[in-house]
Amino acid sequence: MTSAEPAVPIDIQQPLADIAAWTACFRSAEIPVLRQTAETLEALRANEDQTDANSIGEMIAGDPLMTLKVLAYAADHRGRQVVTGIETVTSALVMTGISPFFRAFPVQPTVEDRLRIHPRAMAGIKGVLRRAHRGADLALGFAVHRTAPNAAAIHAAGLLHEFAELLLWVHAPTIELPDLQAALVSSWKLPTLLSQSQGESPSSNAGTRTVELAAKLARHTSNGWDNPAVPDDIRDVAALLNLSPAAALHLAMGIAPN
91 MTSAEPAVPI DIQQPLADIA AWTACFRSAE IPVLRQTAET LEALRANEDQ
141 TDANSIGEMI AGDPLMTLKV LAYAADHRGR QVVTGIETVT SALVMTGISP
191 FFRAFPVQPT VEDRLRIHPR AMAGIKGVLR RAHRGADLAL GFAVHRTAPN
241 AAAIHAAGLL HEFAELLLWV HAPTIELPDL QAALVSSWKL PTLLSQSQGE
291 SPSSNAGTRT VELAAKLARH TSNGWDNPAV PDDIRDVAAL LNLSPAAALH
341 LAMGIAPN
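In our numbering, the protein residues as written are 91 to 348.
Don't take every hint at face value.
For each label pair, taking beta carbons as the anchor points, the in silico distance ranges come out as [to be verified]:
{"hint": "1", "residue 1": "133", "residue 2": "107", "range": "38 to 46 Å"}
{"hint": "2", "residue 1": "199", "residue 2": "166", "range": "18 to 26 Å"}
{"hint": "3", "residue 1": "138", "residue 2": "314", "range": "42 to 50 Å"}
{"hint": "4", "residue 1": "203", "residue 2": "107", "range": "25 to 33 Å"}
{"hint": "5", "residue 1": "114", "residue 2": "334", "range": "26 to 34 Å"}
{"hint": "6", "residue 1": "166", "residue 2": "312", "range": "45 to 53 Å"}
{"hint": "7", "residue 1": "166", "residue 2": "314", "range": "36 to 44 Å"}
{"hint": "8", "residue 1": "139", "residue 2": "334", "range": "46 to 54 Å"}
{"hint": "9", "residue 1": "269", "residue 2": "332", "range": "31 to 39 Å"}
{"hint": "10", "residue 1": "325", "residue 2": "166", "range": "34 to 42 Å"}
Keep in mind the hints are simulated off the structure, nothing from the lab.
Just so it is clear, CB atoms sit at the ideal spot from N, CA and C, and this is done for glycine as well.
Use the sequences and the hints to build the structure in full.
As structure tokens, then:
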């Protein structure tokens with residue numbers, strides 16, 4: 091996962107013994123990124139002197155897998171003087187520094203190359219990516235409506251809400267493992283908002299609740315707004331945002347119209 095660990099491609103055909111075994115396996119596995127991310131990263135590398143944390147962060151923010159890699163790396167390399175968690179890619183880059191970042195992340199393997207002969211897995215990846223971006227957009231829109239000071243962190247947590255499913259499509263497309271994400275969030279010391287959103291009961295934290303509700307609504311509206319679960323989702327969003335259900339629906343459909 092990080093530059094200090096061996097990264098190897100894996101292809102898991104049978105379930106491993108337990109969550110601890112899965113966590114250890116994924117900690118050492120090669121995590122590919124989207125081809126566009128890898129290509130843009132190389133273009134930025136070639137102009138390192140004109141590149142800053144914001145420009146890299148904006149580019150990476152479109153790729154949940156690269157976001158995951160950067161946040162996990164930052165958590166592993168956080169200095170003792172840094173007492174708060176790293177919640178966004180941009181803050182991770184500021185902490186790491188541009189030149190050290192490029193050294194830590196050389197030319198990246200790509201999802202498209204990894205899954206070239208696995209079209210079903212690639213289709214699964216694309217479906218999760220669409221849902222992840224939809225959930226992140228909704229989470230950001232709800233956070234902005236609340237004038238939340240940590241809107242960028244909420245967007246990042248929304249983007250990563252189902253990263254374990256992406257990893258399973260890459261490395262173990264025939265296997266389902268609902269507990270994997272919570273274990274990896276803990277092991278990789280990922281952002282607090284993400285760890286809280288993995289709980290079984292609804293969170294009382296507004297930021298975490300924003301991520302949870304955006305992810306649910308993104309899942310239920312991935313094929314349109316006529317899913318029977320949507321009205322319940324909208325009532326929960328309305329309560330969070332202190333809006334009427336009609337106003338909450340209007341807001342949500344404006345953020346993610348289709």
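We went through each hint and held it up to the structure:
1. 133 x 107: 38 to 46 Å: Cβ of residue 133 to Cβ of residue 107: about 43 Å, so the range 38 to 46 Å holds.
2. 199 x 166: 18 to 26 Å: 19 Å, holds
3. 138 x 314: 42 to 50 Å: 44 Å, holds
4. 203 x 107: 25 to 33 Å: Once the Cβ atoms are compared, 30 Å apart, the range 25 to 33 Å for residue 107 and residue 203 holds.
5. 114 x 334: 26 to 34 Å: 49 Å, violated
6. 166 x 312: 45 to 53 Å: 33 Å, violated
7. 166 x 314: 36 to 44 Å: 41 Å, holds
8. 139 x 334: 46 to 54 Å: 52 Å, holds
9. 269 x 332: 31 to 39 Å: Since the Cβ atoms of residue 269 and residue 332 sit about 34 Å apart, the hinted range of 31 to 39 Å holds.
10. 325 x 166: 34 to 42 Å: 40 Å, holds
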